[in-house]
Amino acid sequence: MASPSSSSHLNFAFVPKIEPKAEPLELDFPISPIGRMPNLTHGISELTSLSPATDGEEKLFTEYHRLISTLLPTSGATGSSDSTAVLAVPIPDSPAPILTAGMSVNKRRRRDRSSEMVRICSLREKDRIHFRNLIRRARITFESLRLLIKQVEAREKDFGIPRKSSRPDLKAAALMTNCDLWLNRHKRIIGSIPGICVGDIYFFRAELCVIGLHGHIQGGIDYVSASRSSTGEPIATSIVASGGYEDDEDGGDVLIYSGHGGREGNLRKMCVSQKLERGNLALERSMRYGIEIRVVRGMKIDRGPNGKVYVYDGLYKVVDCWMDGGKSGLGVYKYKLLRIEGQEEMGSSMFKQAATLQVSSLSARKGGYFCSDISMGRESLPVSLYNDLDDDKDPLHFQYLAHPLYPPDIQSQFHGDGRRGCECVTDCSSECYCAALNGGEFAYDAGGVLVRGKPLIYECGTACMCPPSCPNRESQKGIRRRLEVFRSNEIGWGVRSWDLVQAGTFVCEYSGIVLTKEQTELLSFAGENLVHPSRFPARWAEWGDVSDVFPNYMTPRYPLSPELSFSLDVSRARNLACYLSHSCSPNVFMQFVLYDHHNPSFPHLMIFAMENIPPLRELSIDYGVMDEWAQKLIAM
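Heads up, the sequence shown is in full-length UniProt numbering, so the first residue is 1 and it goes up one at a time.
Simulated from the structure, these hints should not be mistaken for laboratory data.
Every residue, glycine too, gets a C-beta built ideally from N, C-alpha and C.
Honestly, I wouldn't trust all of these hints.
Simulated restraints, written as ranges between beta carbons of each label pair [as the list claims (entries may be wrong)]:
1) Glu563 - Met299: 40 to 50 Å
2) Ser380 - Ser430: 26 to 36 Å
3) Arg572 - Ser380: 20 to 30 Å
4) Arg572 - Lys317: 33 to 43 Å
5) Leu405 - Asp302: 30 to 40 Å
6) Asp253 - Gly232: 50 to 60 Å
7) Leu522 - Cys584: 29 to 39 Å
8) Leu560 - Pro537: 17 to 27 Å
Listed below are the simulated DSSO-like cross-link pairs for lysine-lysine, each with C-alpha atoms no more than 30 Å apart in a straight line [to be verified]:
9) Lys352 - Lys336
10) Lys477 - Lys300
11) Lys336 - Lys317
12) Lys336 - Lys187
When you get a sec, could you build the whole thing from the sequences and use the hints?
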């Protein structure tokens with residue numbers, strides 16, 4: 001990728017009448033190396049009991065401060081031999097990062113959050129790609145740390161060490177704070193933030209802070225305080241509307257937002273009247289100056305790690321502000337926000353649209369649905385076909401292969417290759433045979449989420465005694481979400497999901513007729529549509545990469561990378577994965593997996609999510625060098 005352009009190419013427009021002052025520290029906790037951890041069981045300090053789905057903002061904020069001061073005491077020099085910080089140390093033949101004492105994290109001086117407000121008006125295409133990659137890198141680091149911390153806590157549980165409920169998301173954010181990895185702190189951006197798209201979804205408030213979308217883990221209104229402006233007036237930049245106040249009214253493009261204050265603890269009801277101060281005054285000042293507000297909506301969901309999701313719905317403007325008698329009979333400041341026209345469709349609307357598709361029959365849906373299931377029952381869930389542009393029904397002209405069709409020599413190994421399996425009668429443990437094949441650790445957590453990518457994953461197979469519910473059979477269980485092949489003017493055929501897709505979860509398999517090296521050479525001259533797995537970039541190495549925090553982190557090298565000597569013929573038979581579009585900033589990646597045979601030269605091509613993907617967003621993969629084969633494949 002081309003090097004990022006300098007900031008001189010960006011159009012920074014300063015907000016009128018607002019001049020910044022030096023900003024005091026936003027958080028009043030010390031930043032320094034992480035405290036000593038005698039062993040793995042004490043690798044991460046315990047947190048007070050907090051339900052993952054709670055809206056206990058006061059407890060959450062207090063806990064965040066406590067966590068920072070616990071993880072980041074004031075002693076220990078970065079990189080010194082006496083340092084008591086944490087580092088990921090790879091173990092031979094098992095390169096999983098293990099949190100140990102005695103080595104330092106990649107600590108850098110944390111920048112204070114600026115009060116200098118700027119608006120970014122235009123970006124070149126390569127700048128958009130650059131900033132999107134920056135955001136994605138930060139989000140992968142955050143999620144990888146969170147999963148790693150969960151993995152450590154799961155091991156503690158296996159050792160019988162009692163622990164209270166913890167918040168790995170807060171711990172991950174704290175580690176990133178110590179390494180100065182929070183984004184968009186050098187300027188307070190008004191309006192759209194480069195690299196963040198309307199409809200992007202997040203499961204944790206801490207992640208909003210990490211990328212700079214909303215700067216408060218606790219507060220619903222993010223603003224520049226009066227003390228940081230020469231005019232002495234606070235200015236609001238973003239809000240989180242999660243239904244925490246009983247007087248909120250949400251109509252989508254029109255939002256009636258209740259000010260903050262007046263509640264006690266986690267109660268939705270008001271206890272005292274609100275005052276026009278702090279965030280409330282900031283929203284009123286933003287209305288006066290015409291400052292656009294970023295709106296993030298919080299919604300309850302059935303899936304996901306904590307039962308809630310936050311959706312970025314774009315820019316709004318405050319058009320009215322008034323004091324009203326609330327439902328509790330007390331004074332509530334209300335703000336009417338109107339969504340600015342010309343933006344992409346709201347992410348929250350896409351959730352509602354996808355929910356409607358889930359419960360509607362094919363005849364009840366809007367025009368364009370040609371087929372309710374192009375797999376004809378071969379997949380675990382139906383795969384719809386949608387085209388409202390023309391009469392093209394090309395995906396119906398191919399035989400559907402839910403799983404690849406292997407050559408006879410490989411098929412003969414499915415049940416008779418002589419390799420043993422695990423003897424687990426319940427879900428597999430870290431001591432079983434299949435764990436050893438994977439270098440001593442399983443690739444997935446208890447919820448089926450890929451903790452980090454590997455050159456190759458050995459899942460439990462036909463010779464194993466563990467049940468089908470075993471977490472180490474994740475990609476064999478078929479698709480878990482309603483997927484759809486659709487047609488658009490921009491990409492031709494593409495794939496999208498009716499459900500949100502959590503980062504690190506299995507999406508589908510890339511399937512076709514498997515050809516040996518010799519068969520590939522013959523059919524290449526015939527101009528057949530062949531997919532070459534060896535040409536896909538190793539994007540799996542990005543998933544789980546925590547090198548920005550732990551400088552000695554090593555990309556997994558075991559199991560060894562397979563020498564791929566096959567291709568997929570998709571000219572006659574294929575599945576939905578063949579319609580994944582290409583992107584240099586993809587949201588899914590390919591992971592090699594073995595389970596029904598143990599020939600590493602012919603692995604299954606499994607597709608996993610690289611980021612949290614909202615419903616009805618196009619799924620994209622990096623095909624690598626866009627030569628003739630890839631262009632032909634995408635155009636089909």
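Do the hints match the structure? See the list:
For the pair Glu563 and Met299, the beta carbons lie near 46 Å from each other, so the given range of 40 to 50 Å is met. In this structure the supplied range 26 to 36 Å holds for Ser380 paired with Ser430, their Cβ-Cβ distance being about 28 Å. Separated by about 23 Å at the C-beta atoms, Arg572 and Ser380 satisfy the suggested range of 20 to 30 Å. For Arg572 paired with Lys317, a C-beta distance near 55 Å fails the hint of 33 to 43 Å.
Range check, Leu405 to Asp302: Cβ separation about 35 Å, and the 30 to 40 Å hint holds. About 33 Å separates the C-beta atoms of Asp253 and Gly232, a value inconsistent with the hinted range of 50 to 60 Å. Distance hint for Leu522 and Cys584: a CB-CB separation of about 32 Å, consistent with the stated range 29 to 39 Å. For Leu560 and Pro537, the Cβ-Cβ distance of about 18 Å falls inside the hinted range of 17 to 27 Å, so the restraint holds.
As the CA atoms of Lys352 and Lys336 are separated by approximately 22 Å, the hinted pair is consistent with the 30 Å bound. Taken as a hint, the Lys477 and Lys300 pair is honoured in the structure, with Cα atoms around 26 Å apart against an allowance of 30 Å. Our distance criterion of 30 Å between C-alpha atoms is met by Lys336 and Lys317, whose separation comes to about 8 Å. Between the alpha carbons of Lys336 and Lys187 the distance comes to roughly 27 Å, so the proposed pair stays at or under 30 Å and holds.
Consistency note: the structure conflicts with the earlier hints numbered 4 and 6.
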